[in-house]
Structure formats: C-alpha cells, structure tokens
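Protein chains in written order, with our numbering: chain A, 1 to 375; chain B, 1 to 375; chain C, 1 to 461; chain D, 1 to 461; chain E, 1 to 92; chain F, 1 to 92.
Treat the hints loosely; a few may be bogus.
Listed next, the in silico EDC-like pairs over lysine to aspartate or glutamate satisfying Cα-Cα at most 16 Å (straight line) [to be verified]: (1) D:LYS396 with B:GLU337; (2) C:LYS460 with D:GLU370; (3) D:LYS396 with D:GLU370; (4) D:LYS460 with C:GLU450; (5) D:LYS460 with C:GLU458.
Simulated from the structure, these hints should not be mistaken for laboratory data.
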Amino acid sequence: MQIFFPKEEDQEIRTTILPEVAKKFVDLGLEVVIEEGLGSSVFIEDDLYSEVGAIISDSRDTAFNSADIVCRINKPYKEEIANLKKKSIHISFLDPFNESDLVKEFANQEVSAISMELVPRITRAQKMDALSSQANLAGYAAVVEASRTINKSFPMMMTAAGTISPSRVFVIGVGVAGLQAIATAKRLGARVEAFDTRPVVEEQVKSLGAKFVKIDIGETEETDQGYAKELTEEQIKMQQEGMKKICSQSDVVITTAQVFGRPAPRIVTNEMVQAMQPGSVIVDMAVSTGGNVEGSKADEYVFENGVTIIGMSNLPGEVAKDASQVYGANLFNMIEEYWDLENKVLNFDLTDDVLKGCVITHEGKVVNELVKDRM
Amino acid sequence: MQIFFPKEEDQEIRTTILPEVAKKFVDLGLEVVIEEGLGSSVFIEDDLYSEVGAIISDSRDTAFNSADIVCRINKPYKEEIANLKKKSIHISFLDPFNESDLVKEFANQEVSAISMELVPRITRAQKMDALSSQANLAGYAAVVEASRTINKSFPMMMTAAGTISPSRVFVIGVGVAGLQAIATAKRLGARVEAFDTRPVVEEQVKSLGAKFVKIDIGETEETDQGYAKELTEEQIKMQQEGMKKICSQSDVVITTAQVFGRPAPRIVTNEMVQAMQPGSVIVDMAVSTGGNVEGSKADEYVFENGVTIIGMSNLPGEVAKDASQVYGANLFNMIEEYWDLENKVLNFDLTDDVLKGCVITHEGKVVNELVKDRM
Amino acid sequence: MDISILVNLTYIAASILFIVGLKMLGSPDTARQGNLLSASGMLLAVVITLLDQNIIDYRFIAGALLAGGIVGYFAATKVQMTSMPEMVAIFNGFGGIASLLVGSAEYVVSPLNNPALMGAIYLTVLIGGLTFTGSLIAYGKLSEVISGKPFLYKGQQFVNGLLLLTILLVGVNMIFVQGMISPNETLILLISLAFILGILFVIPIGGADMPVVIALLNSFSGLAACAAGFVITNNVLIVAGALVGASGLILTNIMCKAMNRSLANVLFSGFGAVSDSDTERSEEQGEVSPISAQDAYLILEAASSVLIVPGYGMAVAQAQHAVRELGELLEANGAEVKYAIHPVAGRMPGHMNVLLAEANVSYDVLVEPEDVNPIMETVDVCMVIGANDVVNPDAKENEGSPIYGMPIIEVDNSKTVFVLKRSMASGFAGIQNPLFFKSNTRMLFGDAKETVSTLVSEFKG
Amino acid sequence: MDISILVNLTYIAASILFIVGLKMLGSPDTARQGNLLSASGMLLAVVITLLDQNIIDYRFIAGALLAGGIVGYFAATKVQMTSMPEMVAIFNGFGGIASLLVGSAEYVVSPLNNPALMGAIYLTVLIGGLTFTGSLIAYGKLSEVISGKPFLYKGQQFVNGLLLLTILLVGVNMIFVQGMISPNETLILLISLAFILGILFVIPIGGADMPVVIALLNSFSGLAACAAGFVITNNVLIVAGALVGASGLILTNIMCKAMNRSLANVLFSGFGAVSDSDTERSEEQGEVSPISAQDAYLILEAASSVLIVPGYGMAVAQAQHAVRELGELLEANGAEVKYAIHPVAGRMPGHMNVLLAEANVSYDVLVEPEDVNPIMETVDVCMVIGANDVVNPDAKENEGSPIYGMPIIEVDNSKTVFVLKRSMASGFAGIQNPLFFKSNTRMLFGDAKETVSTLVSEFKG
Amino acid sequence: MESQIILLIFILVLSIFLGVELITKVPSTLHTPLMSGANAISGITLVGAILSSGSSEIVTIILGTSAVFFASINVVGGYLVTNRMLGMFKKK
Amino acid sequence: MESQIILLIFILVLSIFLGVELITKVPSTLHTPLMSGANAISGITLVGAILSSGSSEIVTIILGTSAVFFASINVVGGYLVTNRMLGMFKKK
Ligand SMILES: NC(=O)c1ccc[n+]([C@@H]2O[C@H](COP(=O)([O-])OP(=O)(O)OC[C@H]3O[C@@H](n4cnc5c(N)ncnc54)[C@H](OP(=O)(O)O)[C@@H]3O)[C@@H](O)[C@H]2O)c1
Ligand SMILES: NC(=O)c1ccc[n+]([C@@H]2O[C@H](COP(=O)([O-])OP(=O)(O)OC[C@H]3O[C@@H](n4cnc5c(N)ncnc54)[C@H](OP(=O)(O)O)[C@@H]3O)[C@@H](O)[C@H]2O)c1
Ligand SMILES: NC(=O)c1ccc[n+]([C@@H]2O[C@H](COP(=O)([O-])OP(=O)(O)OC[C@H]3O[C@@H](n4cnc5c(N)ncnc54)[C@H](O)[C@@H]3O)[C@@H](O)[C@H]2O)c1
Ligand SMILES: NC(=O)c1ccc[n+]([C@@H]2O[C@H](COP(=O)([O-])OP(=O)(O)OC[C@H]3O[C@@H](n4cnc5c(N)ncnc54)[C@H](O)[C@@H]3O)[C@@H](O)[C@H]2O)c1
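Let the sequences and hints guide you as you build the complete structure.
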C-alpha cells in the first residue's frame, strides 16, 4: 500500500511529517512516498527522509495517481482531487461545512475523504486529534507573538530604577488553545485573567494559577464532546458589557472563542478596542473562522488607534517544527489504529466511533451525517 | 533651571522620559521642556506631558540653546553640540572611548558631558545605572526575540500526539543581561545552560535554577566593579573548544559577553555556527560593540546554513515603554542625587565617586581619567 | 538482708524494665530491644518469686511452668506469620484465665469478711473470666472458626442488661452481704457469668474489628493481673497490670483513630449494619482499602523506587510544590524517584509539564508511559496524585469501556499503589476505576496538597 | 472511715492534680489551667494535713502560714515582670530551706539508730541547704547584686573535692557510724557544709546561664521535698517531690538544648572562658542573639503582621517555594503577610520577582521599600531571608559606609527581626551589618531553605 | 494493712498515669507488636500464680498450678511472638 | 515498716518515671513558667512542715514553724508568679 505526502503550498510553514514519523510508517509496512522538498520549510532535507526508507517523488501528479493514501495538512485544490486514484483515502483538514464542492468532488472520485477537524473529542481519539495538537501550539505561539509585539515586558521587575509593572493578559475562550495561552503567559510572569462561557472551565483556569473572570450571562451549554454551544444575541451583549472594562485594563487580549461548526462569535467590538490603551495588543486566534475581534484581518497586523490587532491564521506555523511533529504523529496514530498488520490494509469500519465522526465520503457517497445536513 | 528632552532620531523606539517621570522633575523645581512628539514612539501624546507641567517646544535648536541640562538616550550629532549653552550639562550614552571627537567638542563648548555608560558599578549608584537597567530589559527581549524566531516551542509538552522536547538555550556571558535571559528562558520552560569566565557567576546561575557549564580556561579575573577582564588568546581558544559541543546541541544561543572598555570578545566562530542544527537561532547581544558571533551584523537577521543570527543593536527598544520608564528614572535619580533643593542648582562635586566616574568634560576640560588615557 | 526486701527490690527493678520496655515498644527503632527488656523483667520477677520462702512444694510449679513454657514456645514459633494476631488473642485469653485461677485459689483460702480482699477477688475473677472467653471468641473470629460477621439478635440489649445486673448482685453478695449463697456456689456462679459476659461482649463485633477488641481485652487482662496483685498484695502485679491496663486502653484508642472510628462505634455497632449500601456496592467492585498518611509514610520510607503519577487533581489542588518537595525527600532517603507523565493527564496538552516546571522538577526525571510500563513490576510504590482516567486498567482490560484502547500508565503492575484523591468520584471520562479496588491499591483520601504536605512533614519527623 | 484513710485518699487526689497540672503546664494552651489545677492540689493537701490528729497546737502553724502567705503574695504580685526569674529563684530557695528545717526538726526528735531514716534526713538537709544558698546566689546574679561574671579561681577543683569529701564523711558518720561527733554538731556541720556547697556550686557560673541553674536547683528542691517525704513517711511529698525532681531535670536538659549546650558545659565551664575571641569581637559590635526555629515559630505564631524580606540568599538556597508555603501558613494563622522587595536584592534586576513568581507568590503582596518603611513600626516580625546589604542600617546611619545613601528596607524599626543566613559572613558589598547586633534582631542560622522548612513543619504541628 | 492498701492504691494510680503517658504516637505498623508485647507483660499474673500454687491447701495448689500453666503459656508465647513480629521490621 | 519503705520506693520510682514522661517537648517560651510552676509544687514540703510543727517538742515546733513560714512563701508566691507569667500568654 502506498502512502503519499505531497508538499504543502508555499505559505504553509509546517510540513506533514518529519522523518522520525515517516520511519514509523515504513515500519508499519507502508510504501512511503514524499514529494521533493517536503521538509524544506522546517530545514529538513530530502536525504533525511530517504534515509528512513521513504521514496522521494519529483512528480506530484504521478504520486497522487498511484497512492492509496494521501496525507496533507491543508485542503486540496479541486483539480487535484481529480488526479486521485479511485478508492484511495485522502486525509487532511477539509473545512467540510464550508467546502461543499470539495466534498462532492471527493464523492464523485470515489475517494474516501477524512476530515481531521471532525475527529471526535473522545478520550480514545485524543492521539489523532490534530485540532487539539495544533491549537495547543497555537496558544503558545499567540503569547510569544504578543510578547514580541507589545512594547512592555510581561513579568514584573522591581529594579533599582523603579518597578516595571507586569503586563495584564486577558484570555477569552479557554479551550485547548486558551489554556496553553494562559499557561504560557503565566510562565512569562504576566497577570492573567480568563473568561469562557462554559462554567467547567473555571476550575481548569485556576488549576493553572490564573484568575477566572465571572460574567453573568445566564445559562450556557456544552455539547457532549465539550464544545461550546452558540450564545443568544442577548447573552453576547451581556458578555461584551462585562468584558469591556477588563479589556480596557489589559495590555494583551487573546481571543480563542470558537463554536463548533459555526462562524466564531464576535466578542470584541470596535468600541472595546477603542477603549484599550494605545500600545496594547490583541491576538485574534479565531480569525480564520471569522474572527472574535471586530476589524481583525487574516494574516495582517491591523493598527487601530494605537492598538495592534494580530490576525495570524497560521499560528502553529510559528512553531512549525513541533507542529509538524505532532501533526504527523496524529496521522500516524490514526492510520496505525485501523491498520491491519497482516493484510496490510486499512480496516475501514464505519461503525467505529472515530471513523464515523471524521470520514466524510466513502464509496462515492457523502457518509457523514453532520456534513450531509449542512449541504 | 531648565531641563530639555529632545526627541530621539526616528530609528530609536525608546523615549527619554515618560510623563510620570517628567512630573517628578517638575516637582523638583525644574523647568521641564520636551520636544514635540517626544513620546510618539511609545504612543504617548504631548498632552500627557503638558498635563504634568512640561513645556512643549517645537523648536529643537532654541531649546538646546536655552537649556541648562539636556538629557537624551543616544549620543548627539557633533553639530548639535555647538548649539548647546555654555556651562550647560549634557547627559546621554556617549561611547566616549570611541567618540573622541564628540568629547573634544563638548570640552570646547564648555559643556559638562555625562556619559551614562560610565556610571560606576557601585551599590549606591545602581539607581542611576542605565547600562544595567537597559541590559536587563535587553536580556528579556533577546529571549522573546529568540522564541519568536525559532520554529520550536521552548517548553516541554508531553501530549497525546507525542512529546515535544524543550528547547535548549545556552547563554554565554552572565552579566545583567545574561542573568535576565536565563531567567526568562527558564520561565518559558527551556533547558538552560550558561557560561561565564567569572567564577562567581556559577552560584548566581544556580540561584536561577539553570545549569552552569564548567569550562576550564585557567585563571580569570574581574575588576573591582565586577566587570570581566579580557582573556588571553589562548584562553579564548580553550573556551571556544569547550563550547563547540554545547552550541551544536543547543537550539538557541544567546551571547552577552562584554569586556569593559574594549571590543566584545569573539566567542562563537563560524565553525561553531556551522556545527549547529539548521533552524536554530543565535542572538548576539554584543553586536554593537563588535559582536561575540562571527558573521553577526547589527540590526540584521543573518541566515547562515539554516541558522539565524540575530544582531539587534537596540534590544531594549523591543520593550520600549518599560525601557523608557527605567531610563528616565535613572536620569531622575542622578539629577535628584546632586540637586540642591534650596538653591535649585546641581552640586557638581567632582570628588564624588559617581560623578568622578561618569563626568567626561567639565569647564572646558576632559576630566575623566579613563577617557583621557584613551584619547 | 531480709529476703523479702531483696524480692521487693527485684520487683522494683522488674517494674522499671517493664516501663522502659513498654516505652521502647512504641517506636520502630527500639521496639525489639524494648521487648527484650520487658522479657528480662519478667524473667527476673519469676525467678525471684521462686525464692519465696512460703512456697512449700516446687514440683507442681516447675512442672506447670515447663509445660506452659513448652506449649507457649511451640505455639509462638510454629504459627504462620499471618495467624499471629489470633495467637496473640489466645495467649491473652490464657493470661485472663490465669488471673481468674489465682483469684479463685485465694478465694478458697481467704477469710470472707474482708471486703477489700473480696472486692479484689471479685474483680480478678470477673475480668479474668471475661478476658478468657472474649479472647477465645476473638480467636475464633480471626481464624474463621466462627463466622466473622457481626452476630446480632433481637433483645440483645435486654439480655445484656440482665446479665450485668446479675453480675452486680453477685458482687454485692460476695463483698458485703455474704452468705446468701455458699462461697463455692458464689465462685462458680461468678465464673460462669464472667464467661458468658466475655462471649456476649465479643460475639456481636465484626471480624474486621477484632484487632481493636484484642487490644481492649489485653488491657483487661492487665487489669485482671492488677486486681490479682491486690488480692495477694503484690506490687509488681499491680504495677505491671496497671501499666498494661492503661497503655492498652490508649493503644485501643489509637487503633480506633487509625480506622477513623470511635471505640463506642467499634464495640456497639455491628459494622455491617451501619453502611448497608456501601457493602452492596463493594460487593460489585470489591473492597476499597484506605490508608492513613502515616502508614503510607512508613511504606514510602522503605521504598527504593517510587513513581509519581500526577493528574488533573494535582493541578486542582495546586499540589505541585508539595509533590516536588516530597520527591526530593524521597530521593534524599535513597529512593529513585520518577514522574510518569501521561500524554492526556490534566486538561490541556502539557498541563503537567507546566506545573512541574513551575515547581522546578527537572525534565530529566519525567518519563513517558511507554518507558515506564515495561519496568512497572520493579517499582515499589506508585503515587497516583489526582489522576484517574490515565491509570484506569479498564483501558486495556475492558473492551466495553469508552476508553478501551487508550494507552495508560499501568500502575496496577507495581508493588503498591497509593491513590490520592478526595473521594470515590470519577474523572473526566466519568467512569469508575477498577484500580481503586485492586488488592495492592491503597486510597489516601483527602485534598492532594494536604495529603502530600502531611507526608512531607512525616518525612521531616 | 478512719481519718488517716481520708487523708491519704486526699493525698492521692492531690498527687493526681499535680500530675495533670504539670502535664498541662507543658503546652501553651493549657498552661494556665494546669497551674490552677496544681495549686488546688496543693490547697487540698495542706487543708487535709491540718486535719491531722497528731497536731497539737495550731497557733504557730496558722501564724506562720499566714505570714508566709502574705510575704509570698506581695512578693509575687508586686515584683516587676522583668524580675520574675529572680523571684522564682528566691522562692525556690525558701522551698529548700523549708525542707532543711523539716529534716532538722525530725532529726532532733528521731532515734539515731535507724539508718534509713538518718539517710533520708541527711539527704533532706543536704539538698535543701544547697538549694537554699544556691538559689540565693542565683538570685543575686540575676538581680545584679552579685556580678554576673563567672567567678573562677585557682584551686577551685581542689576546694570542691575537699568539700564533697567532707560532706561524704559527715554522711557516713550520721547514717552508719554515729557518735564521732554529737548529733547537734553533726546537724550544724551538715547544714553549714550544704550552704557552702550551694554557694560554691553556683558562683562560678555566668549570669547568662542562671535560668538553667535555677531549673536545676528547682529540681533539687523537689528532691529535697521527696527526701523529706521519706523522713516523715508521707506519700504526697514523695510523689510531688519526685515529680518535680524528675521533670525539673528534663526541663533543665531541654533548656540546655535550646541554648545548644550540654548541661555539663553549663555547669562546669565558665562561659567566658570557652570563647575568648568571641567575646572580644562582640565587644566591638555588640552581641548577636541567635534563636532556634522553634522559638521563632512561637513568635511568628503570635504575630499579626509579618514582612518577608528576601535577598540573594533565598535564591542561593532556592528557598522560594518553602517561603511561599510559610507565607500561606502565616496568613491562614491570621497574620497579614507582605513581601518587601528591595530594588537591588539578588544579583540581577527583578531577581526576587522571578523567584517569587515561580513559587506562585501573588504580585499583590509584593511591596516596595518606600511603601513599607513608613509603617515599619507596626510590623510585628520582619523575616530577612538571605538578604544582607539591602537591610544594612549603615546605609542611612554611617556616612563612612560605602553604601551610605542607598535606600534600604528599614527592618530594624520593626518590633522583631529574624535574620536567616548561614553565618556572620557579609553580602555582596563585603561589609559588616550592624543590624545583626541590634537588640530586636534574632539570628536564625542555617541554610534558608532548611530553616524555613523547619518553620513550616512547626506550623503544621 | 490499711496503710498498705493506701500505698498500693498510690502505686496503682501512678502506674496508670505512667501507662497512659508511655504510649503516645505509635505508627500503626507497630500496633500489633505493641499489643502483643503488652499482652506478654500482662502475663505477670504468673508471679501471682506461683505464689498461689506454693500453698499447702490442695484446692489452691490445683488452681494455682493450672494458673501457672496458663500464665506461662501467655508469657513465653507472648514474648516470642512479639519478637518474631518485630523481626519483620528490620531495616533494609 | 520495711515493707512500707519498699512501697515508698516503688512510689518514688514510678513518680520519677512519670515526671520524666510528663515533660517532653516544651516550647522555650514556656520554660520559665514551667520551672516556676514546678517550683511551686516543690513547696509541698509545706505539708511536711505542718506535720513537724504540730509536734510537742519545742525545738521541733520552732524549726517546723519556720519551715511552714518559708514553705508557704514558696507555695503562695510560686503559684501567683506562675499565674502572672502565664497571663502574658493570652492569645491576641
Ligand atoms: N490533556 C488534555 O489535553 C486533555 C484535554 C481535555 C480532556 N482531557 C481528559 O482529562 C482526563 C485527564 O486524566 P487525569 O487522570 O489527569 O484526570 P481525571 O481522570 O480527570 O481525574 C482527576 C481526579 O483528580 C481528583 N481530584 C480533583 N481535585 C483534587 C484535589 N484537590 N485533590 C486530590 N484529588 C483531586 C478527582 O477525584 P476526586 O474528585 O475524588 O478528588 C479526579 O478523579 C482524561 O480523561 C483526558 O482525556 C485531557
Ligand atoms: N539586583 C541587582 O541588580 C544587583 C546586581 C549586582 C549586584 N547587586 C548587589 O547585590 C546585593 C544584594 O543584596 P542582598 O541583600 O539581596 O544580598 P547580599 O547582601 O549579597 O547578602 C546575601 C546574604 O545571603 C546569605 N546567604 C547566602 N546563601 C544562603 C543560604 N543558602 N541560606 C541562607 N542565607 C544565605 C549570605 O550570608 P551567609 O553566607 O552568612 O549565609 C549573604 O549575607 C547588593 O549589594 C546589590 O548592590 C545587585
Ligand atoms: N476529551 C478529549 O479528548 C478532548 C480533547 C481536546 C479537547 N477537549 C475539550 O473540548 C473542549 C473544547 O476545546 P476546544 O479548544 O476545541 O474549543 P474551541 O476551539 O471549539 O473553542 C474555544 C473556546 O471558546 C469558548 N467559547 C465559545 N464561545 C464563546 C464566547 N462567546 N465567549 C467566550 N468563550 C467562548 C469555548 O467554550 C471554548 O472553550 C475543551 O473543554 C477541551 O478540554 C476534550
Ligand atoms: N554592584 C552593582 O551595583 C552592580 C550593578 C550592576 C551590575 N553589577 C555587576 O557587574 C558585573 C558585570 O555586569 P554587566 O552585565 O555589566 O557585564 P558586561 O555587560 O560587561 O559583560 C557581560 C558578561 O560577559 C562576561 N564575559 C566577558 N568575557 C567573556 C568571555 N570571553 N566568555 C564568556 N563571558 C564573558 C562577563 O563576565 C559578564 O558577566 C556583574 O557581575 C553584575 O552583577 C553590579
């Protein structure tokens, strides 16, 4: 069975797998093919891949055509799907709710498409959960980025030339990324506050030694996978009201709020940005799903009244090497989980909870209920 | 008595004083004049200065001419000195060992020039010691810069998708900046090692929880102010040999080695850089005094075989607001120390240890022994 | 010098040896010498007693001594280690019956009109007798000859009340009134009543509580000896008996405390009766064995390899600093200490790393499950600190479990597991954890930070 | 009932009250009730004794009791708080002379040929007498009537040896031989020798050690009472006397340990003689008062505001975690805890911030010198943890000092200062610190982490 | 006689207090050995038994002798068992 | 008589052990009050003094009476002083 790792587009700094992980695939008995220059963005030369037994292919199309499994980070171009072998498997982030065309194309080509963002949030599937593994690093990178951008130091320093006050960091939305952002900012010595609509989060925030901000917004819910449910209009208003003051006192605001399968909630309004101190920094980590911050733009630094709004859509790319390592590990864990060592094939059991969640198309049909509902 | 704070050149992000400090000068009974736009680089509008009683001047030259004290961060242009009032005082970093022309010009103008880098390293003078206050922030900024640049995370993370190993940071030269760099890298979760030629440093490194690397280079000395003395050729060789292995295993190398009044020692050779992993990062904090790293260039990111050599000459400018705050405080502490509250004049007592150290010219003569020796 | 002075001085010496011996028995380092000291006190007392000039015939004494000694020797040396508590119970019973016999023997030859003496004899016989049968029942329950279940019946209180009243009346008759019934009848009646009392006293108590009961009976047998001392006006009996009586009572109390119960609760409530629902659940899952921090300390103190397994509970309790300190103390004590970090422990990737780094735990001592699972058998103690799902053996054993297939830290393969948590509540995954019911698992209930701090102070002594 | 039985039972009750009272005196929470209990025991014993049928004439007794009571009352209530130790010494002396008098009284009326009785009288008089004069000397030294300096002379050992030998001979004569000198002479000789012994025993010991000496003399006066008990065959005297004798000895020992000396060292080496060089230095700078962690704990326990002043030594010892824990415990104990951070503490700007943040000390409790110096008088305890230069009062007082002019944390203005460091070594600036010699400063020597950890365990009990 | 009883009561009281004071904080691994060791001491009744069985009355002798028999089991067995238990506590 | 002395010695020994056991870990702020309290107890010699002075011999009466005087100073003063010292320990 052949597995192919095409090179990502140029703006992607991460790579799908590192040689160490490629070796594990080889050990599993797969024929591993990588596109030339796969690791160049993280300073890994092709040699290192061939050393562990991978084949370097200089023809992307040929490889697409012959591979039984294609793994990548970002969604493919529509044209590339046409190149894929029938009955092959394609694994990547897909954004299936918004990319109906791609999904249809996959079904047409009879390719089994797996969407990494739909790996269910159950304990057993955590090792394959790329959303978590990337969000985690993104949370770290967001803080590093903010600390780089702001013209203050994060920690407090009492020195002979006076006391440098610590930066105040406010994290909105405490999922995986938010928690890591809290942890990192705390480590660097900032005063950290955080807010989330899900009440269970309070204990988690405290378990990192940060302060949870209580804003009364009435009843909130979470799904059985721990995702937040969307708020009502009124609740959003209450939340914005409650946050305005904290934002205006904060040097750094990091927003991570997401709602599964929907555009990100708009939490920080322009009015709130105006109220902030000139020189402060906002990192909008939800910028690629619509943004939590009014005025944030993907992959831009927006200057608004002295406030810098950072809207990097690829924060994990800032720590590309680690991000590549864990993404590759996620892929490997998924394939290994369903790999039949004797027959060297994948056990494609659609009754399995994990596959049921993340397989979008199979044997020419859109099989995922959620995606089907939204098309 | 009038004190004037001219705006720095455009490439300087710091500013000489913040309004809070300006107020303290006003309270002391000085007439405080600032140049228009003084605080713009740190997002402070002129209003804030006038609110505390400072006068905003839109004519730099007039102000130069009428001020009894001129305070700034960087050394002046030669032409500006000619503008200064006779018997006035000029306080700034001066680099007097290399800028003999400026020194002579000051003497000619009968301006008393104080060089901030020559404030002696005695306990009593610590509050005026701008070298320390800036180096401290530079140490912090160097680590933030490195963490931003490297494509790995600093802390270790044991996650469902495998273990992300911690970055290894190696700090060479453990003065004020080095210590803060160690502390910051440690905080962020890196494995930190450090080396310095002065043996007393070992305990200090350990007091921050980092590891001290022992390299036998024979006898070393420090001056009575705690500055390192220059090594012999041979010692430098021994040191480089000992460091090569550590550098090659490190993800980040931060060099801060300085020798008082001399060019910075060349510690990291091109050979050592070649031996490092592609993707790793070097921050050369001594770049403005010649650089500890072969190939480093001031204010440039040099890519050398996959290794990024950061040579920012104005690292404190990365945390410009805090750097401005402490620099202003240093100035204030110095002037307050010698301020005669009754007569509203400065007590220019050249037998005082601190003034003896940092006053370069006075009453038309070069009075500083060290500077005189080097001219 | 008068021989009786010598005898008495020797008794004083013996008493001192008992006192010092008992003191030394209370600390692990000196317990063995303490026992030896007290034994030599006993030898001294017995030998000097044999010199008594009033003793007419030594043959019987020697014979009985020898016979008893031999029986005692074999019983003590041949018994299995695990049956030692039973053995102690039965020895104690023999001590009781011996006092009873001494009391009876004196009763037979004493004038009846000395209330003080009669009172002493009454107490000797009563306490001795009840100690005897009580100890036999305790023996039976421990060795499972008799069912260990608490034996309860209707009207129990009424029967007991009647019994106590009768005993009281016999006492009044014997000490003050005299002659309502003949002396011999009185004696036999008293002995029977004492025997019955002993049985009825112990039989309702559950087998698990027997150690406490034996300690109490031991205190009684001391009191019986003390009473016998009054009967024959012998100081060493009084001193030794009273020492044992008092210290036994204190020890009983300490043992109750260690079980987190009161003495009254042990004696007067059938154990099973209190917590019916508990019993039911534990029948499903097996039984949970809690342990006190002090005992955990003793085990840790002896461990030469310790694996710390932190989880979300450590973060909630913010126990990381205390844990680090404990780790350092364990290392100083000569143990090898590692921290096993499960990839999903906590609530975010690397959660444990953040906390342990904050507490200054070196990266070098962090290990991953893959590395440590293969050598888990060699680990003396695993300390599971607020972790739950990540050490749940269901993940490898129970196909039906929602976490089946997740790699875990297989702490159940180590020699001893301590689980530090506040309750039997479940973790993130919301499922019960069979680890808690394994035989090598001990639950250290309480907030993790407090528990670990207690361990730390134990180590600091 | 026979009155003597009543008396004796009451004596038993009194003894129990003494025992319980003494026990309770050993813990701060119960000490006061303990004293009351023991006092009621004494009242009981005295009242019941007055019922004794052999007493012929109550007049003198009543008079003496009243007179003594009044003197005692005024002495005890009028004395200055600071002179209480002297008062205890003199009271103790009176107890000793009372025993001596009892012994003498019995001697006069007793048959001489009872060695046991004679032995008891001998001991009563000897110990009572030496307690009396010894206590008087101690009183003198404490109240500075006599010089507090240890009084040493050549041939001291010889004189003492001779004295002891004579005393021994008198004893042999009194107990066994009889008649070498007349009974009256014997008594007078014995009393004189006892008096001289007491003087010679105490006079060579330095004033600073007097508390230990008084504790020891107190133990002696207990023994004297005990011996008197043997003289008049009275149990309560024996029990109470022996209790005091034994517990006094233990207490003496505890006090020596608290001073880090052995009893022998206290008694037999002139304090000054041991450490001549020390004395010299301390004459320059004043004296340093070390304190044990246990005592520091007691002061901290009572403090309602505590200021922690960390310095480079805390970093070297890596004590930040322990310090944070101590701070939390102090807060839990009701104290207000702040950390005063000096701008140049440590070896880099913000050094303390890094460490305290690592240990999770909230930023809110960090204060700067400017904020805390003005309210320093209200601080109960300043804990200076490994700081030196930053708390050096020379910076404001001594113009010649190289650090003159540097603002410092003026801990010397607080009520009590604890300085935690390992030795008298100087800090970065290399200069001596007069703070260490101030009267409100106590040095807590040792590695800062260990010391703080000890304090922490003290708090956890 | 009476004064003697008083003294014996004194002794009793003191012993009880002493017994209470002696046992304070015992680690629970020592509970069983301590109990067992105390049990052996309570075999002191052996001394009484010897004195009883030395009488001339036949009933007394019989009772006394059996008392000696039982008490000596208690003493010998008790000390030996305690010793065995404590043997397990030897330090590593 | 002799048997009585034996008993008294018994009592003495037990009391000594008890005294030792009673005082274990005393915080040093309590050292002085404890010493003072124990000193007051040692004034028990007052009981002996009363008994002595109740005699009919004149010398004994004189000696005894002075003993009563001194001992009662010790007792009354001792307890009062102790109480005063302990008064300073009242909790905040
Ligand atoms: N790491 C990640 O990225 C991540 C993200 C989301 C979810 N998860 C899930 O979280 C779980 C992590 O497993 P885990 O073993 O670390 O934790 P866990 O299974 O959630 O168990 C934590 C245990 O700690 C105890 N506890 C809580 N507070 C305590 C305190 N103050 N003192 C002592 N014990 C305390 C609780 O029991 P008591 O209440 O009885 O004390 C609880 O059983 C996994 O199921 C994982 O899938 C992980
Ligand atoms: N903050 C800065 O930026 C900076 C930079 C350079 C120099 N300095 C200078 O450093 C000094 C700082 O003052 P400081 O009060 O913090 O420190 P310090 O004056 O240097 O005194 C530190 C004290 O800590 C004690 N110590 C060392 N290790 C210890 C341990 N393990 N346990 C307990 N005590 C220990 C030492 O006494 P023992 O040896 O007796 O234990 C020493 O006296 C100032 O003079 C300042 O000018 C500061
Ligand atoms: N069991 C597992 O295996 C597993 C694995 C990973 C994550 N999780 C859990 O899943 C949950 C979701 O994590 P995630 O990072 O994917 O979440 P996410 O990226 O979907 O959302 C980020 C956070 O934004 C919050 N949010 C949504 N709307 C908000 C609003 N209006 N204001 C403020 N905050 C808002 C959400 O509550 C969430 O915490 C977390 O609880 C996490 O612990 C579980
Ligand atoms: N007492 C005070 O008031 C005061 C104030 C500030 C600093 N200081 C002390 O002054 C000293 C110097 O501090 P600094 O930051 O100004 O130093 P610096 O900037 O002059 O030099 C930085 C470090 O480089 C080291 N170095 C020099 N040559 C080297 C080589 N070949 N290899 C490795 N390292 C080399 C030096 O030892 C020094 O530690 C420090 O010890 C500091 O604690 C004292």
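Take the C-alpha atoms of LYS396 (chain D) and GLU337 (chain B), compute the straight-line distance between them, and say whether it is at most 16 Å.
holds (15 Å)
Next pair to validate is LYS460 (chain D) with GLU458 (chain C); report whether the Cα-Cα distance is within 16 Å.
holds (11 Å)
Given hint GLU450 (chain C) paired with LYS460 (chain D) - CA-CA distance at most 16 Å:
It holds: about 10 Å lies between the C-alpha atoms, which stays within 16 Å.
Holds or violated: are the alpha carbons of LYS396 (chain D) and GLU370 (chain D) at most 16 Å from each other?
The hint holds at about 14 Å.
Hinted pair, alpha-carbon criterion (16 Å max): LYS460 (chain C), GLU370 (chain D). Please report holds or violated.
violated (39 Å)
Violated hints amount to a single one, hint 2; each of the other numbered hints is respected by the structure.
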